[in-house]
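Undergrad: One-letter residues, chain by chain:
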Amino acid sequence: MSFFLIAVRNILRNRTRAISTILIIAVGLAALLIGSGFMLSTYDSLQEIAKRVEGHVIVLKDESVPAQGGVDQQLTLPNWQAIQDELWDDDRVLRILPRARFEGLIRHGHNSAAFFGTGVDPKEEFRVYGPFLKTTAVLDPWLSDQDMPDVVLGTQLAETLSATAGDELTLHTLRSDGQSTEVMVRLAGLFHTGTPELDDHTLMVNLSTVSRLLGSEKISQLSIYLEHYEDAAAIKQLLQAKLEGVLVQTWDQRAELYDKVKAQYDRIFGVMGIIILVVVFLAISNTIALAMYQRRDEIATLGALGTPSTRVYANFILEACLIGVVATSLGMLIAYATANAINLASLMMPAPPGRSEGYPIYIYISWPHYLVTSVVLIAIVAFASFIATYNNAKVNIAKALS
Amino acid sequence: MDIRLALHAITKHYGHGDNQVAALQNISFSLAEGEFLAVQGPSGSGKSSLLNICGLIDQPSEGQYYLNGQAVEQLSVKQRCDYRRREIGFIFQRHQLLPAMTVYENIAYPLFLNKVKAKQIKQEVTLLLKKIGLDHRCNHLPKQLSGGERQRVGIARALIKRPQLVIADEPSASLDHQHAHASLMLMRELNEQQGASFILASHDAFVVKHCDRNINLLDGSLAGEALGLGIL
Ligand SMILES: Nc1ncnc2c1ncn2[C@@H]1O[C@H](COP(=O)(O)OP(=O)(O)OP(=O)(O)O)[C@@H](O)[C@H]1O
Ligand SMILES: [Mg+2]
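Going line by line, the protein sequences match chains A and B.
Heads up: the first sequence runs through residues -1 to 400, numbered per this note's numbering.
Heads up: the second sequence runs through residues 13 to 244, numbered per this note's numbering.
Warning: the hint list may mix true and false statements.
[Unchecked claim] Here are the simulated lysine-lysine pairs, PhoX-like style, with alpha carbons at most 20 Å apart:
1. LYS131(B) to LYS142(B)
2. LYS397(A) to LYS90(B)
3. LYS90(B) to LYS392(A)
4. LYS258(A) to LYS59(A)
5. LYS127(B) to LYS90(B)
6. LYS59(A) to LYS234(A)
Simulated from the structure, these hints should not be mistaken for laboratory data.
The shape of chain B in the complex, shown without the other chains (with noise of 0.2 Å):
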């Protein structure tokens, strides 16, 4: 299987001078194509710090970061602004549905700027819509729905132009049971269909079960790599 994105000794410092504070310590991992990793770690830990590298929405402070053997690093910005629309599907960990949209124009925004045709779009978010449960919401506004809504939007959005890379933090943080695992479905299923590599950021006990492999952050470093069920 192929090596989907590779980190080497990544560091992540915010601020300067006294105010430093270290997020990321000296990380190292891969992740296979198909790969469905989960970040596990305590509140700080820098879990969305690492995703928002994955991600190509930050930048290291030091280390390498290679996506399907590319380095990160070389690539410019708009090269980069390039791949998370084609390539990458984000989850944010507070929804970041884009407030002045309709449910359905938030999840159709990535197909549209992608250039899928019009007939395709409404065919795709149709569709996607049913499978999420909310289809009867979708010309309303997201300050019309509720926090766990939201966020089963912000997932739909990421997964509708399936893209190789699906980076999720904390997906199922409002969700109840129900909904986090009907999510989790939609997001194996496009793993399995696709080869779609996945790394979700979770507290969830229950999400990461289904994970292939988790790490473990604490304070910014990686606290020894354990393997899920999934994978061998």
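Next up, chain A with everything else stripped away, as it sits in the complex (with noise of 0.2 Å):
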């Protein structure tokens, strides 16, 4: 004797609530299974992004040392060469940047704009960014200090200066000394990070151009690359051992815009999950309870030849069981096949706020996140379906007989 034939058959007997059942928990599973995985591939880009742009590891001066003002508030960190001898031998680690952060006025004929510059070793620097910056009309040899320094600008600053890639420009600063300083510089090149604020402001030169200008031997921040990234929490640990004086971050610690989506889309696809929850629990209770009223003369038979109550709820717990089964295969299926088709066809979204352009969409397709999912969701199909033979098992069965 088979419950489970007996449980498709009674499945069958009402097929058409059967099917708008399982069409609800489908399309919301789906639902839920596309949006978190447009969730989850935009934590993964933001984490990316923090991890290209800051390093997995940061070295700073200690801030509770106090600065003096000026260029000694950007430039701080000394004897970062000891730094990199020091990490040089560890096989965990990929690069090591250093970077000198400088700001002043840029002319390039009547045009002038003031930037926020960074002085970068130029063989290493650009190897890091991967897709989150881009270069253009590049002159060789890259970024060199030689003769006239080279510069590369963000897209948005060479254009309000009307400079293109051979033009001579002049930048000016202060010295620590408070005493002007300037320098002739030649566009050797464009790059475009999608965020307005730095392609309207900023731009990079060779770290020798920064420390001839400013006359300071000293860099900003030291940003580590590992061969792991698993590895930057065991880096700093060995930093900060060794190291006096200094801060050492790990890349999550200053992955602000990560943190702030995340709380943002956490709450979003939270809400979103516990109404399609919600959604699935009452379709389920209403189903069952809709169904146990039809079937009250048959409840009471079951109950007449002496079925045992829990036998009874067993027997609608399946039913609810085996449409949620089926459900939620159907709804993997269609998240399955909705993020192939959004990630094949490419869609844009559009710009956040803060960025000038949109990123593709992408979707995440992970087969344990939806089997934990489906889970879930079964288990609540359970839990409502228990609930609703519960409160609906107890017939007179006289009463549904006569």
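Please dock the two separately framed chains into a single complex, following the hints provided.
TA: Encoded structure:
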């Protein structure tokens, strides 16, 4: 005697209702999976940005030591070469990038603009950004500090200055002693990050250009890139133990955008998830309650034959779970197909606040994630059907059969 | 012969206040082990109400009911359910087959509930299906059967577990003479081999003739007991 088959027959007896319940659950699950797949891929790319832009481990001057103001506020980390030497032999370390921040005025003919500049190691710096910084119109050798030093500008800044590659520009800034200083630079190329504030105002030069211009060997931060970012905490610990007067951070401590977006998305998708779970709960409760109402005399017959009430519950819960399994399987397929279609179509998201361009929608498809979500949903189905069954299984046998 | 069941001053009301219907009034009788009792009476006289009480699927409004010497009143809901499962076979006025179960499964269900081994279930159900002439329909669903065939399956379901008490509410209502006779013989066989007691509600003079004794209901009251042919 197969109660599985009997449950299937019972479901098929009212297939319209079963199909509508299955569709509600399947579409709900698909929405949940696609939404969370999008959320997870966004988290991942934001984490990726944080890792690529800031580095996996960041060494800064300990902020508890007061700075003197002016240039000293930005170029704070002395003896960074010693730290570099310290880490060169560590197999876990891939790159060590010094960055010296400075600011001032840039002039091209009659046009001028305020800038935020970074002095970088030209050989290594541009290898870390991946898709998050695109360079164009590059002259060779890249960011040289010979004769007339090279500069690369954010695309928008170059536009403001009406400068094109090969043009000569002047950088004005103040030294730590308050003296004004300037240097002629040659526009070697452009970069584009997709963040207007950056593309509007930032430029990069060779680190030695900054040292020469400002008369300081200090830098602002040392960004350390690792073979595996999972080692970040270990490297941080190692550096903190060895170095004094510095602050060592890991990438996630500086992933402000990630934190902000995650907090927001967690709320949005959390609410969405709860709504979908409630809908599933209600759909199943309703289906089971309706089925039990229509099948009162069947329940009464079972009772008259001496069926223990737990067995009656079990029959209906089994039916609900079967519906749940079919519905979640269908939901996973819908989510899988839709996610693939969206990924293949490379649809663009509109630009988020703080960005000038949208980004391609990518939706994660992870079977463990699908299975866990489905199991949660089936558990809710089982729970909802248990409650519905419990509330409806007490029928007056004689009355139902008369 | 031991007393299987005894009713003392049983009354059954349905509804409340002005809508109250007195379906049974002051019914007393007893039934011996192995006795075959017919309950007669016009439609609405209370036959089904009485049978439901005897079969433990309803409770009297007043009066006492003893089953095998046990006051039914004192049994819990679960104990009554257990009793129905083990000791009572109920043939419903409207067959009440389980719609998602095949003929075979419907008949096997009481044995399954009583945890009989699968192999034995198969043997017994197959045998009984032959006896009621429905072995060729064993994999059909109730909705694929005629009214009379359903009734026969309902009878088989009640008898399969060889209960000590069979309650049959108009078991032959939708059967032709031949099948009514065959079904009655099946009940008689269980009655004679196992000493099972029977209460049958019936209009059918032929069925009543085959009972040991009959009682008559009229508007919910007993209209004098008459002895049937079988006993004494
Ligand atoms: N659940 C109920 N609620 C209210 N009244 C009921 C209920 N069941 C039965 N009755 C009433 O009780 C009386 C006896 O009904 P019962 O079904 O016992 O008669 P019956 O002898 O079996 O009739 P029939 O031969 O038509 O099956 C009838 O008047 C009926 O209307
Ligand atoms: Mg009746």
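Undergrad: A separate judgement is required for each hint: does it hold in the structure or not?
TA: Verification of the supplied hints:
1. LYS131(B) to LYS142(B): At roughly 17 Å apart (the allowed maximum being 20 Å), LYS142(B) and LYS131(B) satisfy the hint.
2. LYS397(A) to LYS90(B): holds, 19 Å
3. LYS90(B) to LYS392(A): Answer holds: LYS90(B) to LYS392(A) is near 13 Å, not above 20 Å.
4. LYS258(A) to LYS59(A): Judged against 20 Å, a Cα distance of about 25 Å means the pair is violated.
5. LYS127(B) to LYS90(B): With Cα atoms ~17 Å apart, LYS127(B) and LYS90(B) stay inside 20 Å; holds.
6. LYS59(A) to LYS234(A): With a Cα-Cα distance of about 14 Å, the restraint between LYS59(A) and LYS234(A) holds, given a limit of 20 Å.
In the structure shown, a violation is registered for the earlier hint numbered 4 alone.
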